[in-house]
Amino acid sequence: MRTELRVRATQALGRDRVRANIRRAMDGLILKRRAAFPDVEELERLRDQGEAIRDHALANLPELLEALEGRCAANGIQVHWARDAAEANAIILTIIQGHGGKAVIKGKSMVSEEIGLNDCLSAHGIEPIETDLGELIIQLAQEHPSHIVAPAVHKDRREIAALFSRHYPDEPYTEEIERLTALARRVMRERFKGTRIGLSGVNFAVAETGTLCLVENEGNGRLSTTAPDVHIAITGIEKVIARLEHLAPLLTLLTRSATGQPITTYVNMISGPRKPDERDGPREVHLVLLDNGRSGIHADPQLRATLRCIRCAACMNHCPVYVRIGGHGYGTVYPGPIGSILEPQLQGLERQGELAQASTLCGACSAVCPVRIPIPQLLNRLRFEHAEAQRGKGTGIRIEGFIWRAWATAHAHPALYRRVTWIIRRMRGLVGLSIRPWNRTRTAPRIAPRSLHALVREEGLAND
Amino acid sequence: MTDARRRILQGLRVHAAAKGRAPAIPVRRFEWSQEEAVDRLEQMMQAVRTEVHRVDDAWPQRLAEELTRASARRLYYGAKGPLTGELTAGWPDSAPELVAWEGSIETTRDRLFDEADASFTSARAGIAETGSLVLWPTPAEPRLLSLVPPIHCVLLERRQIVSTLHALMVEERWAAQMPTNALLISGPSKSADIEQTLAYGVHGPERLILLIR
Ligand code: SF4
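So the protein lines, in turn, are chains A and B.
Residue numbers for the first sequence, in this note's numbering: 1 to 464.
Residue numbers for the second sequence, in this note's numbering: 1001 to 1213.
One or more of the hints may lead you astray.
Keeping only pairs whose Cα atoms sit at most 30 angstroms apart, straight-line, the calculated DSBU-like set for lysine-lysine is [claimed, not checked]:
#, chain 1, residue 1, chain 2, residue 2
1, A, Lys275, A, Lys102
2, A, Lys275, A, Lys193
3, A, Lys193, A, Lys102
4, A, Lys193, B, Lys1080
5, A, Lys275, B, Lys1019
Derived coverage of chain B by chain A (criterion: at least 3 residues anywhere in the stretch with Cβ under 8 angstroms from a Cβ of chain A; other residues may be distant) [stated by the list, open to error]:
#, segment
6, 1005-1011
7, 1049-1062
8, 1093-1106
9, 1121-1131
10, 1138-1152
11, 1174-1183
12, 1190-1196
Simulated from the structure, these hints should not be mistaken for laboratory data.
Built from N, CA and C at the ideal position, the CB exists for glycine as well.
Whole structure, please, built from the sequences with the hints as guidance.
This is how it looks when you write it as structure tokens:
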């Protein structure tokens, strides 16, 4: 079947340079994460805590959101609710236009990608300025992030050097990473100084204190939330946690799982706008709480685990599919294993159900997930539902359904099973021909002349 | 948008789950001696390119030497900061010019961005486990002081060093008194967005000089 996903994945497999860049980066991230958790028992203890904290937050989501809203309001943060992308964009646009804003300095925010904020702002004559180095590269290249933590991971320094020299012709050409980074600092400096509206995402929103916690390394997140007169924060409704103390294990899990760092350079906890006696900081802080399909996921007791995610990206770093097709191969805002369970739920099985097949079910994702999301189980559930919904629609699916039913029947009836396997063994020379699509990218399987049953009958089991 | 609020909350209440109390997380801490804690903090911060100096009461002299070597011309500090008296009293004449930040950011912005080569702040605490400085910016030492100038200098007292963030939050009862902005700083600003290769000095300070007394 030539579905969009398959076409995109095939194209991605052909981009050797991108594949090499991603492979190199993922291998590095895997090693860094491993080194950051030298003590397996401690890691498991932390994962227990992370899972419990996030589960508790989701079980109490409506109450915690109300508590968060109340605390934020008491602190002077204005809270807005958005059911979908259009509502969120409208809220943000209204705030910016209310201040006569012509540009917005942005810290990294995947939720702003999810709602297509940049396009919306540009369409209304407002310039979105991505300030995170990776996001800046992506914006200049007019692409979308290929990874949720390292958005420009698919590009190497030569591509970035070429991109910068095209956009900043007055700056000297360089391929040195230190100097490319310094160049980004120079060109962003004036924007930080002169822009009056800032926008950021949120890593955790603490209900108990009305605190927005943001982690980052570059300082652009702090600048975007401190230097302007107005700070707009946007987050999904699932990011709330009950207690401030819960930040401690979650931060440890997040930064170690993501990049192997014991902590990021900056952990920024914002609990309100500038107070009358304070000398800097925004005079207004807004928090936009976005649903966009999350309450639907929340309603299902099994699928709800999807919302535990703290967006560390460890699942994609360890995924054999992600490392081969990269973020762009998925064609969605959230790629990798988390994307494969989240996107079909956010956008519906009709549009993204096939994504649940973009996995080998090897289980690497759930083995590293800091909040223990059972990604393979959820993928299976979504595959089943997608197949059910598709039943009878296309011949491919009908044949597949027939094959699996036959397989199930054979396994349930020993006599039939023996007869079928006897026939298959006799015809094993033909098998290579009959499953050609499978063999196109794989070595053909060889069927053994004698069955395992027969061998066991003759030789017995070693530890019988 | 009150309608959105009502609808979202309604949707979340459809399937009420077993609620239960917020999980109590045992406080993570290490029984390090003060010397061990200082060593750990120093080592962790040096690993992310913080310049650490152990100092005595003559620290302003020491800082002035460092900044002279860096060819800094102006050091910004908070006019009413807790260490201002010591800083100004011990500052040598030949050293970079001391500039006090007194007004609001609106009147200070241009100078802070354009002429401040370095800044000085106190710290509220140090966290040994992760090698982090804890700052709660105040009117006396505003937020951008530790962020905009290319060199950020901090004096930390040895007795301020604790083992973990968790222990500090609990002991100081942060939940009852969160400031507008609480901050952990662990090194100068950096990025690994190009080929996963670390480069220091992106948008925040390029250098972090830590004096431990
Ligand atoms: S699903 Fe787990 S591993 Fe993947 S990004 Fe979310 S928290 Fe990290």
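Evaluation of the provided hints:
no., hint, verdict
1, A/Lys275 - A/Lys102, "holds (26 angstroms)"
2, A/Lys275 - A/Lys193, "holds (21 angstroms)"
3, A/Lys193 - A/Lys102, "holds (14 angstroms)"
4, A/Lys193 - B/Lys1080, "holds (25 angstroms)"
5, A/Lys275 - B/Lys1019, "violated (36 angstroms)"
6, 1005-1011, "holds (count 5)"
7, 1049-1062, "violated (count 0)"
8, 1093-1106, "holds (count 4)"
9, 1121-1131, "holds (count 3)"
10, 1138-1152, "holds (count 7)"
11, 1174-1183, "holds (count 8)"
12, 1190-1196, "holds (count 7)"
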